[in-house]
Amino acid sequence: MEQSLPVRILRDIAAVFVTALFMFPILWWALASIKPISAMFDKDRVVFFDFVPTLINYGVTLLGMSRSQLAIDAGLGMGVAGTEAYDSRRAIFDSVIVAIGSTTITMMLAVFAAYALSRMAFKGREGFLNWVLGQRFMPPIAILIPLVAIYKTVGMRDTDNLIMGYIGLMMIYALMNLPIAVLLMKSFFDDVPKDVDEAAMIDGATRWQTFRKIVVPMVRGGVAASAVLCFIFAWTEFLLSLFLTTDIRTVPVKIQTFVTSTGNEWGFISALGTAAAIPSFIFILLVQRHLVRGLTLGSLKE
Amino acid sequence: MASVTIKNVKKNYGNLEVVHGINLKIEDGAFVVLLGPSGCGKSTLLRMIAGLESVTGGDIEIEGKRVNDVHPKDRNIAMVFQNYALYAHMKVRDNMSFSLLLAKRPQNEIDEKVKWAAKILNLEPYLDRYPRELSGGQRQRVAMGRAIVRNPAVFLFDEPLSNLDAKLRVQMRTEIKELHERLKTTTVYVTHDQIEAMTMADKIVILRDGYIEQEGSPLDVYDHPANLFVAEFIGSPSMNLLKGEVITEGVRLAEGTVLALPKSHKAKLGQKVVYGIRPEHLKPGKGTAAKINVIEPTGPEMHIYADMGGQEVCSITSERVHLARGADLQLAPQLDRVHLFDAETGKVIA
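Protein chains in written order, with the working numbering: chain A, 1 to 302; chain B, 1001 to 1350.
Check each hint, because a few of them may be wrong.
Here are the simulated PhoX-like cross-link-like pairs (lysine-lysine), alpha carbons at most 20 Å apart as the crow flies [stated by the list, open to error]:
1. A:K213 x B:K1091
2. A:K194 x B:K1073
3. B:K1104 x A:K213
4. B:K1347 x B:K1272
Ranges of calculated distance between the beta carbons of each label pair, as one might list FRET restraints [stated by the list, open to error]:
5. A:P217 x B:N1015: 37 to 45 Å
6. A:I232 x B:N1015: 48 to 56 Å
7. B:S1162 x A:W28: 25 to 33 Å
8. B:S1236 x A:I232: 31 to 39 Å
9. B:K1177 x A:S280: 37 to 45 Å
10. B:N1015 x A:E126: 19 to 27 Å
11. B:A1166 x A:E126: 34 to 42 Å
In case anyone wonders, no lab produced these hints; they're calculated from the structure. In this text the structure is predicted, and so the values were computed from the model without any measurement. In this text, a Cβ means the ideal position worked out from N, Cα and C, and glycines have one as well.
Taking the hints into account, I'd like the entire structure generated from these sequences.
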């Protein structure tokens, strides 16, 4: 239905307003990351754009530069002090490894599990599905203490073995993500009609060939969407990462260390926070072409 | 080229038997239509022939070999599905060549076959498109192309036209029929559309509730329905079926309303019967009194719906009739076209 001009204008204004509302905190955060301390803590007014931008915060957190040296070089020596423990390159590296690793593990398992749940009849299938969903009923904090004990016992916590630390985090994230990924993928597989499997079967494909060459390519969009969700979960997770490993500091845990006994390092927090949004953004850009709706369009009559 | 033999085939889902011992012989090169309402077991039967459903009892033979336990891909069949079931992520060419690739045919043979099929089905300009870029009719042709490249012994069609609009359906009907004339491949075609069945089939098999009600050539089934179900199911508008009692003058529908019977008939005096007469064999003329309910002009014909002794009848005539609702007229049955059915068993009184 064609809308009248005032309605369209109103609708556009509303859209811009809502977008601005959601984007504002991100913008504010990004602005804060390039503000000098004087602009951030101006007690008389709120500083929007009239400041001299500085990259100190990024230099320190992302390039490992010495904070006091940088501040002095920039003539901003006043009021800077503290440790040099703001280099976050390791944290970003750890986060990338853990997020990509756990997403890969999750999707590998979820695709198989969801295909089986969608296509194969076996005893207890419905119950299994509910059980899978039930895994998400419990808040992570409820299982945290036993998990810490288990991780300690099997040697995935407090060891100097970095690999075990990575594996530990990847495993727990995969476990946390699996239920939702399985359910999501199942609904995507359910959307591919069984006739397609049967057509492939008559064409001479084995079950594995049908799965690999026909059905999975048809749910590419679903795989991408689920992977994005898993990645974002792993990328932003704080609690489990804090408790289950001492060898690895992921970005959220690292940021939390910027809240110190002598004050909150807002500049570094906002710089790392802004920077931390970028990998997620890149990941989503990479998979978004598969997120196009209606990828299965054309297989069926719509 | 192959015949298909179905011997006492049964299908159970749990304790529920849905196909009750069907026997059917499908000759080599024949076009057989399985026709029936939803839930009659026609698709189940087709899927059993394809190997997509297990057979609970009895035997299915293709090319004289029992195939009950043979994998679908080894049955030398091809199937076209109602919703096309195309591989959406593959181009038309790849959809059609998929089975040949799996069979590890040489590339030049694959190209040749795909080209041949595309030519037959007028798909040549679309080989490098994705299914989503095609219209409904084109998609259905791709599904058929996928089937014919394999040169199978038997084609199975599962209501392939029911997703198309009316015009396209008529067009595709002709195309499928032409394809069959050309390739002469044994074809089993499932539909609930009796017009499709009548126009395409060499043999129609009418199913109901998992039993075969009647089988025969389209005209044979139309002209000689074996029972009330078939009489009503085949033909549009369907046959007039009027309940009555046999008396010396004919069949009495109600007090004072009597329909004439041919001189020789097998019904007994006083027997409760159903008097069947197709609309085109019941024309205005000296006969039984009726009162007009509604007249539908279709262009070539007029469909007259009238009340005859408390039961509605339809009469088709090519004459132009100008009568109002409630007007009286007389309708005369063509006596050699009268069907009599036993009111209790529903079977034709031969």
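Going through the hints against the structure:
Between the alpha carbons of A:K213 and B:K1091 the distance comes to roughly 13 Å, so the proposed pair stays at or under 20 Å and holds. The hinted pair formed by A:K194 and B:K1073 meets the criterion: a straight-line CA distance of about 16 Å does not exceed 20 Å. Distance restraint check for B:K1104 and A:K213: the Cα-Cα separation of roughly 15 Å lies within the 20 Å cut-off, and the hinted pair is therefore satisfied. Restraint check: the Cα-Cα separation between B:K1347 and B:K1272 comes to about 12 Å, which is no more than 20 Å; the hinted pair holds.
Range check, A:P217 to B:N1015: about 40 Å between beta-carbon atoms, so the 37 to 45 Å window is met. Separation of A:I232 from B:N1015 is about 49 Å and conforms to the stated range, judged on CB atoms against 48 to 56 Å. Distance hint check for B:S1162 and A:W28: the Cβ-Cβ separation is about 58 Å, which falls outside the suggested range of 25 to 33 Å. Here the CB-CB span from B:S1236 to A:I232 is close to 58 Å, at odds with the stated 31 to 39 Å.
For the hinted restraint 37 to 45 Å between B:K1177 and A:S280, the CB-CB distance of approximately 57 Å leaves it violated. Distance hint check for B:N1015 and A:E126: the Cβ-Cβ separation is about 20 Å, which falls inside the suggested range of 19 to 27 Å. In this structure the supplied range 34 to 42 Å holds for B:A1166 paired with A:E126, their Cβ-Cβ distance being about 41 Å.
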